[in-house]
Amino acid sequence: MNHIDYQEQKIETDHQGYLKQVSDWNEEIAEIIAQGENIELTVAHWEVILFVRDFYLEFKTSPAIRVLVKAIGLKLGADKGNSKYLYTLFPLGPAKQATKIAGLPKPAKCI
Amino acid sequence: MKKLTIVFRRAPHGTPHGREALDLALLSASFEQDVSLLFVDEGVLHLMPEQQPETAGAKDYIATFGALELYDIETVLACQSSLARFGLANSELTISVERVTSNNITEQLQAADEVLVF
Amino acid sequence: MILHHIQTSPNQDNALSCAVHYAGETDSFLLSGNGVYALLEDKWQLALQDRRLFLLKSDVQARGLTKRLVEYACIDHNEFVQQALIHKKVITW
Chain A
1 MNHIDYQEQK
11 IETDHQGYLK
21 QVSDWNEEIA
31 EIIAQGENIE
41 LTVAHWEVIL
51 FVRDFYLEFK
61 TSPAIRVLVK
71 AIGLKLGADK
81 GNSKYLYTLF
91 PLGPAKQATK
101 IAGLPKPAKC
111 I
Chain B
1 MKKLTIVFRR
11 APHGTPHGRE
21 ALDLALLSAS
31 FEQDVSLLFV
41 DEGVLHLMPE
51 QQPETAGAKD
61 YIATFGALEL
71 YDIETVLACQ
81 SSLARFGLAN
91 SELTISVERV
101 TSNNITEQLQ
111 AADEVLVF
Chain C
1 MILHHIQTSP
11 NQDNALSCAV
21 HYAGETDSFL
31 LSGNGVYALL
41 EDKWQLALQD
51 RRLFLLKSDV
61 QARGLTKRLV
71 EYACIDHNEF
81 VQQALIHKKV
91 ITW
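Protein chains in written order, with the UniProt record's numbering: chain A, 1 to 111; chain B, 1 to 118; chain C, 1 to 93.
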């Protein structure tokens, strides 16, 4: 079984490190996942991570990259509403890495 | 940009069709196609309020309809007479839709570049 | 002008009833597979009587309906492709 060690507990993940249970997540676990991705979380990262998580909890799906870009632009200003900004934060792909750190399942289609 | 109309004609949850239709709609919209959704016949049951698919072990794709606007899917039509047939004529629905006549639907089908039925 | 393609029996599925309900006056219908069974019932004969209607010949033959459905235009696969090209689009219900 793949898992993350967290305070004496084993938090179950899939073979790529995505949490099996959305409800297992908390901000400390997010930090642990982010370390594994070599990302040091800043306020800018948290803005995206929390947006993606809220989106998932409301709509039961992770947002497509285009939707993420648009929504971040609306919420945080046009200078942040582009995929370049998101790739600066999550170099291996915002859809993949932000959802993983947010404790969500891997998006079915990486767009 | 293609004008794509995606038709929901089956009830949700019993078959994978509705979920596939929605996946296709979101995917097409992500690729900047002009996507319209059309609910007819038992397909209008997708719009039934207070659904809790997870209690029957099904995935809650109904919640995902709430994201249509964020995907720029603005034309969402439902057949008035189908809604009436299932007691939804005056009922609040899961998402905001335009209630249209059969003639409106005929026009919608004629005007689309492509129509995909699920 | 749309070619509405129905592949299922009207007792199994609402495909034919939807197509008939929402088709325009100049549209055509193609029944294939168990869709051809519709024409054994008065209700559907009536619903389709003023429509341009084609049946897929091999599916009619396979179901033993050649004589019963002799008055309808039966077409083969090549003619189906030609019809698909003549019409503005095909909707498979």
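Simulated from the structure, these hints should not be mistaken for laboratory data. Hints are not guaranteed to be accurate.
Below are the DSS-like pairs computed for lysine-lysine, each with C-alpha atoms no more than 27 Å apart in a straight line [claimed, not checked]:
| # | chain 1 | residue 1 | chain 2 | residue 2 |
| --- | --- | --- | --- | --- |
| 1 | B | K3 | C | K88 |
| 2 | A | K106 | B | K59 |
| 3 | B | K3 | A | K70 |
On a predicted model such as this, the values are computed, not experimentally measured, just so you know.
A quick look at each hint next to the structure:
1. B:K3 - C:K88: holds, 14 Å
2. A:K106 - B:K59: holds, 15 Å
3. B:K3 - A:K70: Holds: K3 (chain B) and K70 (chain A) sit about 22 Å apart, inside 27 Å.
The structure shown violates none of the earlier numbered hints.
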